[in-house]
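Enquirer: So you can see what is in the structure, the chains are spelled out below.
Number of protein chains: 2
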Amino acid sequence: MTDLRDIESTPLVTDLYQLTMLQAYFDHDMRDTAVFEFFVRTLPAQRRFLVAAGLEQVIGFLEDLEFGAQELDWIGRQGSFRPEFVDYLGKLRFTGDVHAMAEGTVFFADEPILRVTAPLPEAQLVESRVINLLHFQTMIASKAIRCVLAAPGKLLVDFGLRRAHGAEAGLLAARASYLAGFAGTATVLAAPRFGIPLFGTMAHSFIEANEVEIDAFERFARSLPENVVLLIDTYDTEAAAAKVVQLAPRLAAAGITIKGVRLDSGDLGAHARKVRRILDDGGLRHTTIFASGNLDEFSLARLLAEEAPIDGFGVGTRMDTSSDAPFLDCAYKLQEYASRPRRKRSEGKATWPGTKQVHRRFDGEGIMRGDVLGLEGQGGEGITLLEPVMRAGRRIAPPATLEAVREHAAAELARLPPELQKITGSGQYPVTISSALRELAYMLDARPI
Amino acid sequence: MTDLRDIESTPLVTDLYQLTMLQAYFDHDMRDTAVFEFFVRTLPAQRRFLVAAGLEQVIGFLEDLEFGAQELDWIGRQGSFRPEFVDYLGKLRFTGDVHAMAEGTVFFADEPILRVTAPLPEAQLVESRVINLLHFQTMIASKAIRCVLAAPGKLLVDFGLRRAHGAEAGLLAARASYLAGFAGTATVLAAPRFGIPLFGTMAHSFIEANEVEIDAFERFARSLPENVVLLIDTYDTEAAAAKVVQLAPRLAAAGITIKGVRLDSGDLGAHARKVRRILDDGGLRHTTIFASGNLDEFSLARLLAEEAPIDGFGVGTRMDTSSDAPFLDCAYKLQEYASRPRRKRSEGKATWPGTKQVHRRFDGEGIMRGDVLGLEGQGGEGITLLEPVMRAGRRIAPPATLEAVREHAAAELARLPPELQKITGSGQYPVTISSALRELAYMLDARPI
Chain S
1 MTDLRDIEST
11 PLVTDLYQLT
21 MLQAYFDHDM
31 RDTAVFEFFV
41 RTLPAQRRFL
51 VAAGLEQVIG
61 FLEDLEFGAQ
71 ELDWIGRQGS
81 FRPEFVDYLG
91 KLRFTGDVHA
101 MAEGTVFFAD
111 EPILRVTAPL
121 PEAQLVESRV
131 INLLHFQTMI
141 ASKAIRCVLA
151 APGKLLVDFG
161 LRRAHGAEAG
171 LLAARASYLA
181 GFAGTATVLA
191 APRFGIPLFG
201 TMAHSFIEAN
211 EVEIDAFERF
221 ARSLPENVVL
231 LIDTYDTEAA
241 AAKVVQLAPR
251 LAAAGITIKG
261 VRLDSGDLGA
271 HARKVRRILD
281 DGGLRHTTIF
291 ASGNLDEFSL
301 ARLLAEEAPI
311 DGFGVGTRMD
321 TSSDAPFLDC
331 AYKLQEYASR
341 PRRKRSEGKA
351 TWPGTKQVHR
361 RFDGEGIMRG
371 DVLGLEGQGG
381 EGITLLEPVM
391 RAGRRIAPPA
401 TLEAVREHAA
411 AELARLPPEL
421 QKITGSGQYP
431 VTISSALREL
441 AYMLDARPI
Chain Y
1001 MTDLRDIEST
1011 PLVTDLYQLT
1021 MLQAYFDHDM
1031 RDTAVFEFFV
1041 RTLPAQRRFL
1051 VAAGLEQVIG
1061 FLEDLEFGAQ
1071 ELDWIGRQGS
1081 FRPEFVDYLG
1091 KLRFTGDVHA
1101 MAEGTVFFAD
1111 EPILRVTAPL
1121 PEAQLVESRV
1131 INLLHFQTMI
1141 ASKAIRCVLA
1151 APGKLLVDFG
1161 LRRAHGAEAG
1171 LLAARASYLA
1181 GFAGTATVLA
1191 APRFGIPLFG
1201 TMAHSFIEAN
1211 EVEIDAFERF
1221 ARSLPENVVL
1231 LIDTYDTEAA
1241 AAKVVQLAPR
1251 LAAAGITIKG
1261 VRLDSGDLGA
1271 HARKVRRILD
1281 DGGLRHTTIF
1291 ASGNLDEFSL
1301 ARLLAEEAPI
1311 DGFGVGTRMD
1321 TSSDAPFLDC
1331 AYKLQEYASR
1341 PRRKRSEGKA
1351 TWPGTKQVHR
1361 RFDGEGIMRG
1371 DVLGLEGQGG
1381 EGITLLEPVM
1391 RAGRRIAPPA
1401 TLEAVREHAA
1411 AELARLPPEL
1421 QKITGSGQYP
1431 VTISSALREL
1441 AYMLDARPI
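Sequence lines, in order, name chains S and Y. Mapping to our numbering: the first sequence position 152 is 152, numbers consecutive. Mapping to our numbering: the second sequence position 31 is 1031, numbers consecutive.
Just chain S, same shape as in the assembly (with noise of 0.2 Å):
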């Protein structure tokens, strides 16, 4: 066993047979230019549309491309790989461009939101590890902003590092959830990596570790008098409640304010009731109530829809694993080689052919109105959402600041149509297939293989 390069940069986060067909190209010297393109086949069921995310951990990714000396020295150990083989890999990066929706911007089935035009075997290595950035950010990206929707104007943190799927999971699902319109996460780690808030209470092993609950609320006062949000349903959710009441005018004496509380079980709207009414009652106005435990973007429209009086949500393991929908239909997929465009035609899986171009064309309030898929260089009505973020394998631009593809993000939302901006519903969006992109597929059906 040897110990490699950290797990998200070793360019072994791949499968298999990249590396055979990467052998197989290299013998028959097949090093033409080749158009990939990332998409997503079909929605799932509970999603109407879709937020690209995970693009700039892509082109990092792309832009550190090389195996290092240990990788390179297990890759020959294993047989089937021949030395002049292994040697190519050593000097191969990736030189090619990148064509890219920003980050942050809606997206529908079937249009590319990442295309990769390079020397096949550059474009085809890094298939696996493309997909597995683009595919988990994206989808969490697109979960977290129903959650944005159900719950207008609420500070909404990610609580979901525990059950994400790893530490990648957890730290990157931070990035999606914000960049979609959250306030910030728990997630340490995200912090010090992408600069975003992080916000965090008390758990109930801190309330059990002392004898007494009230002993418990004051001591995390005192030790943390910034940020005094206490978790009151240990025990008893509204004898907890009574209880902070008490111990208010003792911690305002030492110039300590009690911002909130956290109910974490039960119906958090009944609670949330009798706990306003007991904070109210006791003078504690401004202490906010917020609330956690198994919430996605349907509890917090009901919350929202009975009007619980939370001011607060923290959303944990159903949107990190994006739990109604924990996989998107996408592939990437090889659309033109040595400048002849490909077609898959497999049953069910059959993609557009040729290096593609989206048109999105607004109302005059800016609303978006419907979207042409059609080839690259066809023209067409509207803005042009694919743009070149990568050119002969380095960035383009310094990366966007997250906070820049947060708003983008936004405007994104506010330029929905509003049948779009519900978490339920029937209404589609209109993506038409261009009549060139047709007739290039009919055309490639007649080709013989």
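Because the hints were derived from the structure by calculation, they are not lab data. Keep in mind it's a predicted model, so treat the numbers as computed, not measured. C-beta atoms are modelled at their ideal positions from N, C-alpha and C, and glycine is treated no differently. Treat the hints loosely; a few may be bogus.
Stated by the list, open to error - Derived pair list, reagent style BS3-like, types lysine-lysine, alpha-carbon separation capped at 27 Å:
1) Y:1154 to S:154
2) Y:1349 to S:259
3) S:349 to Y:1259
4) Y:1274 to S:349
5) Y:1274 to Y:1154
Said to hold, decoys possible - Here are a few chain S residues that sit away from chain Y, every Cβ distance over 10 Å (derived from the structure):
6) 27
7) 259
8) 266
9) 379
10) 419
What the hints assert, rightly or not - Interface residues of chain Y toward chain S, partial, derived using beta-carbon atoms under 7 Å:
11) 1066
12) 1097
13) 1245
14) 1317
15) 1321
16) 1326
The hints should help you fit chain Y onto chain S, whose structure is shown.
Expert: Chain Y alone, transformed into the frame defined by chain S:
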């Protein structure tokens, strides 16, 4: 932004509240011994047992737990943490004991699979990552073993990296599915990391990059003569099978055998029957058929029920995301502090208090007959499932090899009651709560808090 240690080992893969609680523990000198246990509260609808996995990664994490200089510096700059606390964090290591079920062990709701006994701050700090590691691998092993049950004797390979939730999920899904009985994975990094056998063929892009399908087959076979598995569904599956037959003598003359073909779309059973006939009629009786595409235990069971002539399966997305149950209702809870048992009473989330043990009884044939969840030291019939694995912060024995874990999981499967060896059904395994444990819970509920 600071570039910190790699994501698999940094202690910043945690929730902010662990750090805030630790400062409060520090301020109030709460360093007595705490007992935390990890367990699953309720099983997902489509699971009647789970398989413990992820312990090895937890032990590694606990042994290496340490804040680095950059991490401490970053924490110190946040404003809410006092210098003396940051100094204390710098010296903090995990010095506790761990008891656990061996990886690969079958377990049920409410049964702890891990117990941490350590000074409160240490046991608290590790919560987020311990859950993150145990939850994911346990969920995947429990899904994977259902595929093994559904397709006994078939070659099963993990194909899930691309849609796994990030790189770590892809890597650890390869490990969890292998220990559950899969033959291997396509995820390259799993081989140098864990010694897991790799499998791989070719992608549609390889076929499409060649003008003519049969050329693609021949080029691939000549480049990788030891492992010729040809993907035949890019255009027309049966036509491609005929090309394989046509190509075989030419390759045979070069000493190359076509080991298998792969189907990846359409009605896999129907295609497999037609392809089997074409291959058999063409004299390729030993060429195997491998299938992939949207598989899970249910589709595997259907294909086996219809006796589809398929020799092996690539199982990807639905396993690596545990798509029908993408999270487990698990928790890591304080059960005892300073020798006093603790119990959370939150609605729907009450826990069994105290330091617990699981006893398991078997019948004369060695089949599991029932478990008792009781208090440690209370005694009971049958074997105990929680055994010491770390003492004073160090592992007690060298890591179990992954092969040994895999054998243990297979033995566990054989010991399951026959009713639970089916992927559907209603029989439940009997888990009894000991009367001593019930009495303790009752007594604690009467305690004033």
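Enquirer: Run every hint past the structure and note whether it holds.
Expert: So, going through the hints one by one against the coordinates:
1. For the hint linking residue 1154 of chain Y to residue 154 of chain S, the alpha-carbon distance of about 51 Å lies beyond 27 Å, and the restraint is violated.
2. For the suggested pair residue 1349 of chain Y and residue 259 of chain S, the alpha carbons sit about 26 Å apart, so the restraint of at most 27 Å is met.
3. For the given pair, residue 349 of chain S sits about 26 Å from residue 1259 of chain Y by alpha-carbon distance, which is consistent with the 27 Å threshold.
4. At most 27 Å may separate the alpha-carbon atoms for a hinted pair to count; residue 1274 of chain Y and residue 349 of chain S meet this at roughly 20 Å.
5. Taken as a hint, the residue 1274 of chain Y and residue 1154 of chain Y pair is honoured in the structure, with Cα atoms around 20 Å apart against an allowance of 27 Å.
6. With a least beta-carbon separation of about 4 Å from chain Y, residue 27 of chain S fails to lie farther than 10 Å from that chain, contradicting its non-interface assignment.
7. With a closest Cβ-Cβ approach of about 13 Å to chain Y, residue 259 of chain S is found to remain outside the 10 Å limit, as its non-interface label requires.
8. With a minimum CB-CB distance of about 4 Å to chain Y, residue 266 of chain S fails to clear the 10 Å threshold, and the non-interface call is violated.
9. Once the 10 Å rule is applied to beta carbons, residue 379 of chain S is consistent with being away from chain Y; the minimum gap is 27 Å.
10. The Cβ of residue 419 of chain S lies farther than 10 Å from every Cβ of chain Y, with a closest approach of about 28 Å, so its non-interface assignment holds.
11. With a least beta-carbon distance of about 15 Å to chain S, the hint placing residue 1066 of chain Y at the interface is violated under the 7 Å criterion.
12. Annotation: residue 1097 of chain Y was flagged as interfacial toward chain S, and the flag is violated, the nearest CB pair being 18 Å apart, outside 7 Å.
13. The beta carbon of residue 1245 of chain Y comes no nearer than 17 Å to any beta carbon in chain S, farther than 7 Å, and the hint placing it at the interface is violated.
14. Contact between residue 1317 of chain Y and chain S, as hinted, is supported at the beta carbon level, the nearest pair being about 5 Å apart and thus within 7 Å.
15. Checking residue 1321 of chain Y against chain S: minimum C-beta separation of about 4 Å stays under 7 Å; hint holds.
16. Taken as an interface hint, residue 1326 of chain Y checks out: its beta carbon lies about 4 Å from the nearest beta carbon of chain S, inside 7 Å.
Checked against the numbered hints given earlier, the structure breaks hints 1, 6, 8, 11, 12, 13 and satisfies all the rest.
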